Amino acid sequence: QVTLRESGPALVKPTQTLTLTCTFSGFSLSTSGMCVTWIRQPPGKALEWLARIDWDDDKYYSTSLKTRLTISKDTSKNQVVLTMTNMDPVDTATYYCVRNRASLSGGMDVWGQGTTVTVSS
Amino acid sequence: DIQMTQSPSSLSASVGDSVTITCRASQSISTFLNWYQQKPGKAPNLLIYAASTSFQSGVPSRFSGSGSGTDFTLTISNLQPEDFATYYCQQSHSAPFTFGGGTKVEIK
Numbered sequence: 001q002v003t004l005r006e007s008g009p010a011l012v013k014p015t016q017t018l019t020l021t022c023t024f025s026g027f028s029l030s031t032s033g034m035c036v037t038w039i040r041q042p043p044g045k046a047l048e049w050l051a052r053i054d055w056d057d058d059k060y061y062s063t064s065l066k067t068r069l070t071i072s073k074d075t076s077k078n079q080v081v082l083t084m085t086n087m088d089p090v091d092t093a094t095y096y097c098v099r100n101r102a103s104l105s106g107g108m109d110v111w112g113q114g115t116t117v118t119v120s121s
Numbered sequence: 001d002i003q004m005t006q007s008p009s010s011l012s013a014s015v016g017d018s019v020t021i022t023c024r025a026s027q028s029i030s031t032f033l034n035w036y037q038q039k040p041g042k043a044p045n046l047l048i049y050a051a052s053t054s055f056q057s058g059v060p061s062r063f064s065g066s067g068s069g070t071d072f073t074l075t076i077s078n079l080q081p082e083d084f085a086t087y088y089c090q091q092s093h094s095a096p097f098t099f100g101g102g103t104k105v106e107i108k
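Protein chains in written order, with this note's numbering: chain A, 1 to 121; chain B, 1 to 108.
You may find that some hints are simply not true.
To be verified - Simulated crosslink set (PhoX-like; lysine-lysine; CA at most 25 Å straight-line):
(1) Lys77(A) x Lys45(A)
(2) Lys108(B) x Lys77(A)
(3) Lys66(A) x Lys108(B)
(4) Lys42(B) x Lys104(B)
(5) Lys42(B) x Lys108(B)
(6) Lys59(A) x Lys77(A)
(7) Lys104(B) x Lys13(A)
(8) Lys108(B) x Lys39(B)
(9) Lys13(A) x Lys45(A)
(10) Lys104(B) x Lys39(B)
(11) Lys13(A) x Lys66(A)
(12) Lys108(B) x Lys45(A)
What the hints assert, rightly or not - Computed footprint of chain B on chain A, listed as stretches where at least three residues anywhere in the stretch have a Cβ under 8 Å from a Cβ of chain B:
(13) 11-21
(14) 110-118
Treat the hints as calculated values from the structure; they're not laboratory data. As the structure is a computational prediction, the values presented were derived from the model and not from experiment. Using N, Cα and C, we set each Cβ at its ideal position, and we do this for glycine too.
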């Protein structure tokens, strides 16, 4: 059974750096075709794609956020970490980590439950 | 970046109706188009990938996707109470792998 779970602070202050960890099981990010993506959703708004890391360590970022985002993986721990610098209240959202597979044409087939992050002083 | 435009942003329909949601890409994405369903307070679920392939047997046959290039549709036939949700398209052709703005399907 494939599962992903996001963890990190529920509250961060403006200008701080957010670090989110995705811990997953049931697959290996060293397997060809496996990827993990971060997505966020502000309250009442649409999904926003943030970043993706692939089995071969290729990394992709949102154009508007790429100067603030870093994604990395620790294959031995089955974890993917996303850092976002200079947090602002507009970054308040639920953050999801998601698995995608090349065999699904890049479709994201297993989602974490999401973690809510509020940015406030 | 490839822009994904969904229409309508919301619609009202009755149980048993057939509804169609449209997704347009700002440039050709072949069939690298996925559809997700999201219910309130829940993470989205993959419904259809590669424009027209149902993700798994658990996706009812009343959901169907079509299209290629820049224009895509998600059709829900014989709308059921559990289908009232928000639907998103997403392109997986090239990074950043952008989403459409969503279509909320509400009960009339």
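Hints violated by the structure (numbers, ascending) | Failing hints, ascending: 1, 2, 3, 7 and 13.
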